[in-house]
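*Asks:* Residue numbers (my numbering), protein chains in the order written: chain A, 1 to 169; chain B, 1001 to 1332.
Since the hints were made in silico from the structure, they are not lab data.
Bear in mind that the values here come from a model prediction, so they are computed numbers and not experimental data.
Errors might be hidden in some of the hints.
Claimed, not checked - DSSO-like cross-link-like pairs, simulated, lysine-lysine; straight-line CA separation at most 30 Å:
1) A:Lys14 <-> A:Lys159
2) B:Lys1105 <-> B:Lys1185
3) B:Lys1105 <-> B:Lys1053
4) B:Lys1037 <-> A:Lys159
5) A:Lys87 <-> A:Lys115
6) B:Lys1141 <-> B:Lys1327
7) A:Lys93 <-> B:Lys1053
8) B:Lys1300 <-> B:Lys1037
9) A:Lys153 <-> B:Lys1105
10) B:Lys1010 <-> B:Lys1141
11) A:Lys157 <-> A:Lys93
12) A:Lys87 <-> A:Lys14
13) A:Lys93 <-> A:Lys14
14) A:Lys157 <-> A:Lys115
15) A:Lys153 <-> B:Lys1053
16) A:Lys93 <-> A:Lys115
17) A:Lys153 <-> A:Lys14
18) B:Lys1310 <-> B:Lys1300
19) A:Lys157 <-> B:Lys1053
20) A:Lys87 <-> B:Lys1300
21) B:Lys1327 <-> B:Lys1105
22) B:Lys1037 <-> A:Lys157
23) A:Lys153 <-> A:Lys115
24) A:Lys93 <-> B:Lys1105
25) B:Lys1080 <-> B:Lys1037
26) B:Lys1310 <-> B:Lys1185
27) B:Lys1053 <-> A:Lys159
Unchecked claim - Simulated restraints on C-beta separations:
28) A:Val25 <-> B:Ala1122: 49 to 55 Å
29) B:Ile1074 <-> A:Glu26: 23 to 29 Å
30) A:Cys140 <-> B:Asn1139: 50 to 56 Å
31) B:Val1287 <-> A:Pro138: 39 to 45 Å
32) B:Asn1139 <-> A:Lys93: 53 to 59 Å
33) B:Phe1034 <-> A:Val28: 39 to 45 Å
34) A:Asn23 <-> B:Glu1071: 53 to 59 Å
We put the beta carbon where it would ideally sit given N, CA and C, even for glycine.
Now for the letters of each chain:
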Amino acid sequence: MTEETTIKERIFEKYHVPMPIYNLVEYVAGWARKYSIWPTHLVTGCCGPEFMQTSGAEYDMERLGVLPFASVRQCDCIMVVGVTSRKMALRVKYLYEQMGEPKYVVAVGACPVGKGPFYDSYTVVPIDEYVPVDVYIPGCPPRPEAIIHGMMKLQEKIKNEVKLGARTA
Amino acid sequence: MWTFLSINSKPLLQITLIPGLAFILVFAIFAVWFERKFLARAMLRVGPYYCGKRSGLLQVFADFLKLFLKEIIIPDDVNKWFFSAMPVLASTIPALALILIPCDKNWVLWDIGSLSLPMFFAIAGLAPLIPIFAGWASNNKYSFIGAWRVAYMYISAEIPLVLCGAAIAIMAGSFDLVKIVEMQKNMWFALPQFIGFIIFFIGVIIEAERTPFDIPVAEVELVFGWRTEFSGIFFGFTMMAEYVMFQAWTLLFITLYLGGYNGPVLFGNVIASHIFWLIAKMLAVVVFIILLRCVFPRLKMNQMLNLGWKYLTPLALLNLVFVLAMKVMGVA
Chain A
1 MTEETTIKER
11 IFEKYHVPMP
21 IYNLVEYVAG
31 WARKYSIWPT
41 HLVTGCCGPE
51 FMQTSGAEYD
61 MERLGVLPFA
71 SVRQCDCIMV
81 VGVTSRKMAL
91 RVKYLYEQMG
101 EPKYVVAVGA
111 CPVGKGPFYD
121 SYTVVPIDEY
131 VPVDVYIPGC
141 PPRPEAIIHG
151 MMKLQEKIKN
161 EVKLGARTA
Chain B
1001 MWTFLSINSK
1011 PLLQITLIPG
1021 LAFILVFAIF
1031 AVWFERKFLA
1041 RAMLRVGPYY
1051 CGKRSGLLQV
1061 FADFLKLFLK
1071 EIIIPDDVNK
1081 WFFSAMPVLA
1091 STIPALALIL
1101 IPCDKNWVLW
1111 DIGSLSLPMF
1121 FAIAGLAPLI
1131 PIFAGWASNN
1141 KYSFIGAWRV
1151 AYMYISAEIP
1161 LVLCGAAIAI
1171 MAGSFDLVKI
1181 VEMQKNMWFA
1191 LPQFIGFIIF
1201 FIGVIIEAER
1211 TPFDIPVAEV
1221 ELVFGWRTEF
1231 SGIFFGFTMM
1241 AEYVMFQAWT
1251 LLFITLYLGG
1261 YNGPVLFGNV
1271 IASHIFWLIA
1281 KMLAVVVFII
1291 LLRCVFPRLK
1301 MNQMLNLGWK
1311 YLTPLALLNL
1321 VFVLAMKVMG
1331 VA
């Protein structure tokens, strides 16, 4: 926790931003980022149908402001849905590097979280060996409710991160 | 020279309120919110809900702020000047066209008399250059394909639009937008020129890149069309540009065919009721065009070009001949 406070103090020392204004900007930024997560999805496995339903009728993730997007340049969040082999994980990393800060990664399903049913496979890898994962959503496959709960956890995390002034992995 | 900056002067009100900044921004906010909410209801969803006291009204502000605070990526291989200038120009050039729209006989920001209709087509004709330059400057194959699709689409749409505008000018006997609106006091031009009305409506949808014709940003084929490489607030500006374009062409459509600002006078204030009718008609057309998005699938590029060259252009010529015949026989 020491590092995060120093970032805030460093900004304060360098630019002499008055603390109330800094806090206000921080609050507004946290609010805006929290309610406007635009995820791009990398669907490689059978969690896909469950993930599609989160944007469909009944579940509707757009209530939280989550709007699935096509292009990585405009997105904030990668949702890795399904099995990631060693080769695919490199693509996830490539995607991650193309996005602008602040960026988040959500691992959906048992395979990217741990190795899931492929626990003894030599080629399937947990995705957090390649990119920093913010939220893990377990399940094989996870229900749409679980995915929405994961997104709500990500919202909380985004808000707290802004308050601390840094990423807390 | 600086008298227009005094607080009660008409140009200042026109620049800030209508048809100026506030008009454009409020329209963009309303249109984005309405589109997301309405499409969600059409799909039996709820749409934006938790952001802004269970109405989703603050969703647009959240999106804009987030884009504003996000990192702007300028890739190594792009043409940096063009890449960073185009998003800003994309939303300002269509906004320039708005200053020609009459909100009342005495409420025109740039009153250039009989040059106003040609000037509108000239300014709006500049707008497709921005996507083309942006797509070229991005140095990305998807952006480039999207840019050339924009070029194809606008050429095939703009010729029928200009022909329809010519027919209107012949019927009104003037290129002056105010005179065209004043001619429609008793009968809207949509009735005698029904073919032109339909063609111009399709043309407006094409120019605004709305759904049956959102070919340049086809999300399934091209990643995001000519907008692919833009991130952060640059992307926000390009999205803004879409809605400004939408608004400008819808306003011209109303001015030419649906009687412009004409309508019954409310509460004895002529200018206010004229502005009210203009906005009401604009919102009706905008809602109808947004409704099309949940009905139609996207056309293919060749289907779109067939529509433009094989059907809209000959029909627009037919409309022109019809109007000329009416004018010669003295009916209109």
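*Asks:* Each hint needs a verdict: does it hold in this structure or not?
*Replies:* Results for each hint:
1. About 24 Å separates the Cα atoms of Lys14 (chain A) and Lys159 (chain A), which keeps this hinted pair within 30 Å; it holds.
2. For a cut-off of 30 Å, the pair hint linking Lys1105 (chain B) to Lys1185 (chain B) stands: about 12 Å separates their Cα positions.
3. With a C-alpha separation of about 41 Å, the suggested pair Lys1105 (chain B) and Lys1053 (chain B) falls outside the 30 Å cut-off, and the hint is violated.
4. Distance hint between Lys1037 (chain B) and Lys159 (chain A) is fulfilled; the C-alpha atoms sit about 25 Å from each other, no more than 30 Å.
5. Between the alpha carbons of Lys87 (chain A) and Lys115 (chain A) the distance comes to roughly 15 Å, so the proposed pair stays at or under 30 Å and holds.
6. The hinted pair formed by Lys1141 (chain B) and Lys1327 (chain B) fails the criterion: a straight-line CA distance of about 50 Å is larger than 30 Å.
7. Distance restraint check for Lys93 (chain A) and Lys1053 (chain B): the Cα-Cα separation of roughly 37 Å exceeds the 30 Å cut-off, and the hinted pair is therefore not satisfied.
8. Between the alpha carbons of Lys1300 (chain B) and Lys1037 (chain B) the distance comes to roughly 27 Å, so the proposed pair stays at or under 30 Å and holds.
9. The suggested pairing of Lys153 (chain A) with Lys1105 (chain B) is violated, with an alpha-carbon distance near 56 Å, which exceeds 30 Å.
10. A C-alpha spacing of about 48 Å is found between Lys1010 (chain B) and Lys1141 (chain B), which places the hinted pair above 30 Å, so the restraint is violated.
11. This hinted pair checks out: Lys157 (chain A) and Lys93 (chain A) have alpha carbons roughly 22 Å apart, not beyond 30 Å.
12. In summary, the hint linking Lys87 (chain A) to Lys14 (chain A) is not supported, as the alpha carbons are separated by about 43 Å, beyond the 30 Å threshold.
13. Annotation: proposed proximity of Lys93 (chain A) to Lys14 (chain A) is violated, straight-line Cα distance about 33 Å (limit 30 Å).
14. A hinted pair counts as satisfied when its Cα atoms are at most 30 Å apart, and Lys157 (chain A) with Lys115 (chain A) qualifies at roughly 25 Å.
15. A hinted pair counts as satisfied when its Cα atoms are at most 30 Å apart, and Lys153 (chain A) with Lys1053 (chain B) qualifies at roughly 20 Å.
16. With a C-alpha separation of about 18 Å, the suggested pairing of Lys93 (chain A) with Lys115 (chain A) holds against the 30 Å cut-off.
17. Under the criterion of a C-alpha separation no larger than 30 Å, the hint pairing Lys153 (chain A) with Lys14 (chain A) is inconsistent with the structure, at around 33 Å.
18. Straight-line distance between C-alpha atoms of Lys1310 (chain B) and Lys1300 (chain B) comes to about 15 Å, which keeps the hinted pair within the 30 Å bound.
19. Annotation: proposed proximity of Lys157 (chain A) to Lys1053 (chain B) holds, straight-line Cα distance about 21 Å (limit 30 Å).
20. Of the pairs offered as hints, the one joining Lys87 (chain A) and Lys1300 (chain B) is violated, with about 34 Å between alpha carbons and a cut-off of 30 Å exceeded.
21. A C-alpha spacing of about 25 Å is found between Lys1327 (chain B) and Lys1105 (chain B), which places the hinted pair at or below 30 Å, so the restraint holds.
22. The straight-line distance between the Cα atoms of Lys1037 (chain B) and Lys157 (chain A) is roughly 27 Å, inside the 30 Å bound, and the hint therefore holds.
23. Our distance criterion of 30 Å between C-alpha atoms is met by Lys153 (chain A) and Lys115 (chain A), whose separation comes to about 22 Å.
24. At most 30 Å may separate the alpha-carbon atoms for a hinted pair to count; Lys93 (chain A) and Lys1105 (chain B) exceed this at roughly 60 Å.
25. For the given pair, Lys1080 (chain B) sits about 37 Å from Lys1037 (chain B) by alpha-carbon distance, which is inconsistent with the 30 Å threshold.
26. The hinted pair formed by Lys1310 (chain B) and Lys1185 (chain B) fails the criterion: a straight-line CA distance of about 34 Å is larger than 30 Å.
27. Distance check on the hinted pair: Lys1053 (chain B) and Lys159 (chain A) sit about 18 Å apart at the alpha-carbon level, within 30 Å; holds.
28. The hinted range of 49 to 55 Å is not satisfied by Val25 (chain A) and Ala1122 (chain B), whose Cβ atoms lie roughly 42 Å apart.
29. A beta carbon spacing of about 26 Å between Ile1074 (chain B) and Glu26 (chain A) agrees with the range 23 to 29 Å that was offered as a hint.
30. With their beta carbons about 42 Å apart, Cys140 (chain A) and Asn1139 (chain B) fall outside the hinted range of 50 to 56 Å.
31. A hinted range of 39 to 45 Å holds for the C-beta pair Val1287 (chain B) and Pro138 (chain A), which are about 44 Å apart.
32. Range check, Asn1139 (chain B) to Lys93 (chain A): Cβ separation about 23 Å, and the 53 to 59 Å hint is violated.
33. Distance hint check for Phe1034 (chain B) and Val28 (chain A): the Cβ-Cβ separation is about 24 Å, which falls outside the suggested range of 39 to 45 Å.
34. Take Asn23 (chain A) and Glu1071 (chain B): their Cβ atoms lie about 22 Å apart, and the range 53 to 59 Å is violated.
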